[in-house]
Every structure is written in structure tokens, then in C-alpha cells.
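Chemist: Note that the protein sequences, when read in sequence, are chains A and B.
For the record, in the first sequence the residue sitting at position 105 is 105 according to full-length UniProt numbering, with numbers rising by one throughout.
For the record, in the second sequence the residue sitting at position 260 is 260 according to full-length UniProt numbering, with numbers rising by one throughout.
Errors might be hidden in some of the hints.
The list treats identical chains as interchangeable, and a pair is accepted whether it falls inside one copy or across any two copies.
[As the list claims (entries may be wrong)] Pairs of lysine-lysine, BS3-like flavour, derived with a Cα cap of 25 Å:
no. : residue 1 : residue 2
1   : Lys101    : Lys168
2   : Lys321    : Lys2
3   : Lys202    : Lys88
4   : Lys2      : Lys308
5   : Lys171    : Lys2
6   : Lys321    : Lys168
7   : Lys171    : Lys321
8   : Lys171    : Lys84
9   : Lys308    : Lys136
10  : Lys84     : Lys308
11  : Lys308    : Lys88
12  : Lys171    : Lys308
13  : Lys2      : Lys84
14  : Lys168    : Lys19
15  : Lys219    : Lys321
16  : Lys58     : Lys101
17  : Lys308    : Lys101
Note that these hints are calculated values from the structure, not bench results.
2 protein chains.
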Amino acid sequence: MKFTVNRSYFINNLNSVLKATSSRSTIPILEGIKMVLTDEGLVMTGSNTDISIELLVKASDDLQIASTGEIVVRAHLFSDIVRKLPGKDFTFDVQEGNQIKITSEHAEYMINGLDPSAYPRLPEISDDQSFAISAKTLRELITQTVFAVATDNSRPTLTGVSFTFSQKQIKAVATDSHRLSQRVVGVDNGPSEDLSLIIPGKNLQELAQLIADADEDLKVFLGDSQVRFDFDNLSFYTRLLEGAYPNVDRLLPATSSTSVQFHVSDLLSALSRASLVTHVNRTNAVQMEIDAENNRVNLTGNSPDLGKVEETVENLGIEGKSLTISFNPDYMSAALRASVTDIVVINFTEALRPFTVVPNDNEIDFIQLITPIRTF
Amino acid sequence: MKFTVNRSYFINNLNSVLKATSSRSTIPILEGIKMVLTDEGLVMTGSNTDISIELLVKASDDLQIASTGEIVVRAHLFSDIVRKLPGKDFTFDVQEGNQIKITSEHAEYMINGLDPSAYPRLPEISDDQSFAISAKTLRELITQTVFAVATDNSRPTLTGVSFTFSQKQIKAVATDSHRLSQRVVGVDNGPSEDLSLIIPGKNLQELAQLIADADEDLKVFLGDSQVRFDFDNLSFYTRLLEGAYPNVDRLLPATSSTSVQFHVSDLLSALSRASLVTHVNRTNAVQMEIDAENNRVNLTGNSPDLGKVEETVENLGIEGKSLTISFNPDYMSAALRASVTDIVVINFTEALRPFTVVPNDNEIDFIQLITPIRTF
């Protein structure tokens, strides 16, 4: 196995595969990247058992193939070496006993490769169940929901985002049981029958990063316990979470008694000031006092140790009756940061009932739910 | 005590004082900044027992004084608050019971201040022993030596840089007993009698950062166990290290049998490649093979676990006899990064004797010494 490749072009591809390799794995071979060189090109595979990435670098002027073969190379070391090589190109040459000779200009490395037959196989996922989704849509669905997944493992299904794909729309929901984020988007060519799957939140974050700038469609392939996303020259595998996702529709309140509109930026900065003092408290609650009569909203953060902050937050209109409510400022801030409009509507019912944060545009089907905190 | 101040102007000053405050001190009052407001202006003091900084913000249009007084405010919280306030200005108003009211536009904080009489006094340093030094010169002396101080505490004096100030020159030396860096610069107005002091390395790093862009002279005041640097509106206090600094002059070799010139950048990149494999070894040694006959320098890094790297390093001339020597690549890299010239001369005597790295310009009195590693 021997090839010569343009270094910066190779680094770009290597960076994608590195996302799936862990530097310390309990399975030592997974600290490596499997490299399979055929006449078609170089296939690099990385896996951390949670996600796997397989990437094809096609033979071209930038990748010149001298002889085919396969090897596993220590990901971390290899990446460091490639980054520091002096030349524009480098040559990768596997010699006897899995020794790899890497040369670039006057520098020559001879590093120990690992046996490629010891590298585990990736799951085979048939083409039976597949459909396309635009990269932009998927990225939005992820970033607008993934922050709300549970971070503790007491209810494993809640650590993932629940997706329901149907012919005309995709619904994504995440909740940690204190707050919830649900986004629905319309699509043209969803799968012919409804499909539901729960994908671990942190795997989705990796996927969102990988497709950051992609503009085209991704192809989604469904396996039994895995799902694969194909785009560009790359396949992204993630395990699925088993179990039934709770039916959250019944949690969403149908009516409200108080509605306030805010500029996202106004409320965000007031919350960041209030949380400076509330973050030291175990309860971490800010109080919002909505005075419908005087059209005034006051925000208060309080900590017996440090002190207190109070301010009037600019509002763009109050409907309904006055109300005082306490909530976690971090949940509210996360909801606001996920907002797709500059102005949001917050709908309350009672001081101890969950309230919703929605865009001020009815066309956008995006609802966030936050459970208040009892402070008395 | 009450003042109104321009926020961004205040933050710049606050940042300097924060360098001396620790967020978790065993002396709780030192987590605070002492603020003393007189008609002249606001004096802010921060201290972490190792260094102290006292800074005067003069009364001006940017700092309007309503009433004088003093208070201690929690540094970390106060800094966070000031950064997040909504307005261009803010008002700081001390009320009964050390309560501090901070207002800016529609936001109002009420935080608990601390008793200013509980704040420790800074050492008094008389003006008897003082002299001036240019900020640029001091900064250079620090950055060219401080990296070589000892990081373990087995010989406390070696954790500092030894300075000898005399009328015509300043000498700075640091050594951790494996390598040494000594820089001598000429000055016009040194102190009339020779002064020697050892200043802790990490305190010097803080000082170098503080004077980063300063162009004027610093005034140095010597106390018994402390030294104070005055510049701009700021006084920087650091404790001194007690004890005698070893006489290092006798360590510097007078002759050499092999001299090689290198471009700093060539040798640095070759070392960074070699250390990729040597860093995993306990000995962390690279081998340099100087072949005087063929005018060739080879650098080799080797690790039984990972592999080996070997390369020819461009040299600008070899004088004397051939030699093979092993050394810690990190010490060599640090020496090269401190270099003030693009080309250095490395002078060797024997494979197991310390060697020196000096500028290729005889006018510059800067010598670095590195002890080789025995690899057989």
C-alpha cells in the first residue's frame, strides 16, 4: 500500500474522520483509523462505538496511488505527524510487518501500524428504508432541539432527540422533563410511511458540525439499531436509542391567560445580569413580575450571600392578566438563543404551570416549554 | 462613597487590578478589591499575597465623584456585573451596612460589600533605594530568561530570575539546573551601587503582561523583602526570594570544539517533528549527529512503541570536529523561541558536556546553556 497525497487536502478529509475516533478507547484498535486503498481511492474509517465515519478520498492528481492495500494507523499520532510535515505533499508507504514509512521533503517517519484485520466491521445497513433530507433542514432541526435533551442517564431515551419523519413533514422533539423544544418543518419528499427514531443528542451535535456548510441533500438509511447519513464522500453512522419516547403533545397547553412579547436580545441580556447572582443558589431562579395594568415587566435575581439585581425589561405588549412567576434563567436563555425570530411571544397560564416560548410568526411551527420553579 | 464612571474606561483599569486578585483565597477578604475614593480619584487595590497591584483612576469627566469613602467589593462578581451592565456609564453607591448599589440604565444591583478596615495593608517601601528602567528593556529581560526558571520547589531560589542591576548594565539569569538562560543589557542610568535580587518567575510573567505595551520608564523601589514597580497610574508589588543565587558564571564553557549555525525556524520545525515520537518516552531525547566531513546534520527521534523520525536539518556552516549528542527537544525549542536573532550558533565541547546557544551577533550578550542527555 503506497500513495502520495497533497497534505492540506488530506488534512481536511482527515479532520472529518477524526471526529469519530477517541484518543483513549478501551478497545485499542479504535484509537486508530483504518485505511483501505483501492484503485478507486482511499477509504478512511474512524469509530468510537457511538458514531462511526467512513470517508472516501477519490484517486486524483491530489491522491496518487502506487499500490493498494490496507492498514490501521494511530489516529492521534498520525494526525500530529501529517500536520507538522515540511512539504506540500507526503508519501505513505506500508512496509513489511505493518511498518509505515511517511516521507515529506527531508523528513522521514517510520511508525508502527496496526493489523487491519483486527479493526471491527461497521454495521451493514440495507437500502430498503431510505429517504433524502436537505442538509440545511436537518441542521436547523438539530440546533433548535438538541440543547434540551437530558444530560443525566436516568431516563436514557430523553438523552436523544426524537424524530418523526413522514411524507410531508419532520417533527423533532427534545425534553429533559424540565423544558421541552419541538420543531416541525414541512418537506416535499419524506418517506412514504412514517418513521420514528431517537438519536443520541451528542451524536447529533457531531453530525450538525460535519454538515455545517453542506448545502445539498443528505441520504438517510435506516437499520435496526443504527442509522446512516450519506453526504458528499462521507457516511456518518450513529446508534439509535431504544425505547418509546414519551408522548409530549399532551403537555403543550392549549390556552393562555397572559402573553408577553419581547425582543429576544433585551430579555437575554437582562437574564444574563440576573443569573450572575442566582447562579450561586441551589435553586437558581429569577422572578418575572408582569404588571398588565402598567404595562411593565420586572426581572429580579436574588441571592442572600451576594446581593440582588432588579430591572425593568422592555416589552412589546402584554395581553391578559398580571402574573408573577419564577423560572431557571438558563432554560429561558437557551430557549431564546434557539429562537428563529427576533421577537418571541411567551404564553403563561398560571404561576406554577409550564409556559411556552414561541416565535411571533404563526407560520413557524416551533414551540418551547419551560416548567416554572416554586419559590415559596 | 459614590461615583459615576464610564464603563469601558473602568473595565480597562479593573482588568489590571484583577491580575492580582485570586478568585479563591484562604484569606476571604483577598477575594475582594479594596476601593478608596478621595477627591483625587479612586484607588483600587488587589492582592494575592504573592503580588499586589494598586491603581489610581484620577477624577475626570470619565470618573465623577459624588462623595468619598471606602469599601471592599468581591472582585469576581463585581467584574462580571460591570461587564454585563446595559449602559455606557454606571453609578457605584455605598449605602448603610456596606451595601453597594450599582445602577446602569434600567438595571439595579444591590450587592454586599465587605468591611474595608479588614483589608491588609500593603508593605511600605521607602524611596531610599530606587532607579529607573525602560519598560521595553525589562520586558525583554523577563521573556528571554523566565522560561528557564525551575518549576519544582526543591531549590526555591531557582524558581526566580536573578537580576543584578549596576550603573552600566543589568544581568538577568534563570536556571532550573538542566538549562540556563542569561541576558545582559547595557543601561545608562542604573543604580549607583550594585543591587541583586531574585524575583519569582510567575510574578515576572504577570509584570511582563502588565507592561506589555508600555513604552516609558518604570521606577523600581527596593524594600527588604519586596520590590515595587511604578508605571503609569499603577504600582506593582512582588515579594522577593531569599537566599543566595548560585554563581553560574563558572558553568559557562570558555571554549568549544564544534560549532554549527542554524536558521532558528529550520531547527524548530525539525524538533517539533522529532518530539512527536520522543514525548511518549520518559527520557524525551532527540539525537543530533553532526557530520563535519560531509557538512550534514541529522536529527533523530525514536520511541520503541510508536516509531522513529529522522531528518536532515539545513545548517549554515559547521566548524570543528564531528559529534553526536542527545538532548531534550523541549529545552532546545524554548532556547530557540527566546532567540533574538534569526540565526543561532550552537557551540559544543563533548557529547556529555553542556553546550551553548548564542546569537550569531557578537554585540548581543545572550547565552543559553543546555545539559545533554546520556542515552547509552
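Chemist: Run every hint past the structure and note whether it holds.
Modeler: Results of checking the hints against the structure:
Proximity of Lys101 and Lys168 under a CA criterion of 25 Å is satisfied in neither setting, with 53 Å inside one chain copy and 56 Å between copies. In this homomeric assembly, Lys321 and Lys2 never come within 25 Å of each other (Cα to Cα): the closest approach is 75 Å inside a single copy and 40 Å across copies. In the homo-oligomer, the alpha carbons of Lys202 and Lys88 never lie at most 25 Å apart, since the shortest distance is 35 Å inside one protomer and 40 Å across protomers. Taking the shortest Cα distances, Lys2 and Lys308 sit within 25 Å of each other only across copies (19 Å), while inside one copy they are farther apart (67 Å).
Taking identical chains as interchangeable, the C-alpha atoms of Lys171 and Lys2 are never at most 25 Å apart, the minima being 47 Å within one chain and 56 Å between chains. For a Cα distance limit of 25 Å, the shortest separation of Lys321 from Lys168 qualifies neither inside one copy, at 38 Å, nor across copies, at 81 Å. Taking the shortest alpha-carbon separations for Lys171 and Lys321, neither the intra-copy value of 33 Å nor the inter-copy value of 76 Å comes in at or below 25 Å. For the identical chains of this complex, Lys171 and Lys84 are neighbours neither inside a copy (45 Å) nor across copies (37 Å), given an alpha-carbon limit of 25 Å.
Taking CA atoms no more than 25 Å apart as the test, Lys308 paired with Lys136 passes in neither setting, with 43 Å inside one copy and 45 Å between copies. For the identical chains of this complex, Lys84 and Lys308 are inter-copy neighbours only, at 15 Å across copies versus 52 Å inside a copy, given an alpha-carbon limit of 25 Å. For the homomeric pair Lys308 and Lys88, the shortest alpha-carbon distance between copies (21 Å) is at most 25 Å, but the shortest distance inside one copy (59 Å) is not. Taking the shortest alpha-carbon separations for Lys171 and Lys308, neither the intra-copy value of 41 Å nor the inter-copy value of 53 Å comes in at or below 25 Å.
Taking identical chains as interchangeable, the C-alpha atoms of Lys2 and Lys84 lie at most 25 Å apart only when both belong to the same chain, with a minimum of 20 Å there against 57 Å between chains. Within a single copy, Lys168 and Lys19 get their C-alpha atoms no closer than 32 Å, and across copies no closer than 58 Å, so neither meets the 25 Å cut-off. Within a single copy, Lys219 and Lys321 get their C-alpha atoms no closer than 49 Å, and across copies no closer than 66 Å, so neither meets the 25 Å cut-off. Taking the closest pair of Cα atoms, Lys58 and Lys101 come within 25 Å of each other only inside a single copy of the chain (22 Å); across copies the shortest separation is 66 Å, beyond that limit.
Taking identical chains as interchangeable, the C-alpha atoms of Lys308 and Lys101 lie at most 25 Å apart only when they sit on different chains, with a minimum of 9 Å there against 64 Å within one chain.
In terms of the numbered hints stated before, the structure departs from hints 1, 2, 3, 5, 6, 7, 8, 9, 12, 14, 15, listed from lowest to highest.
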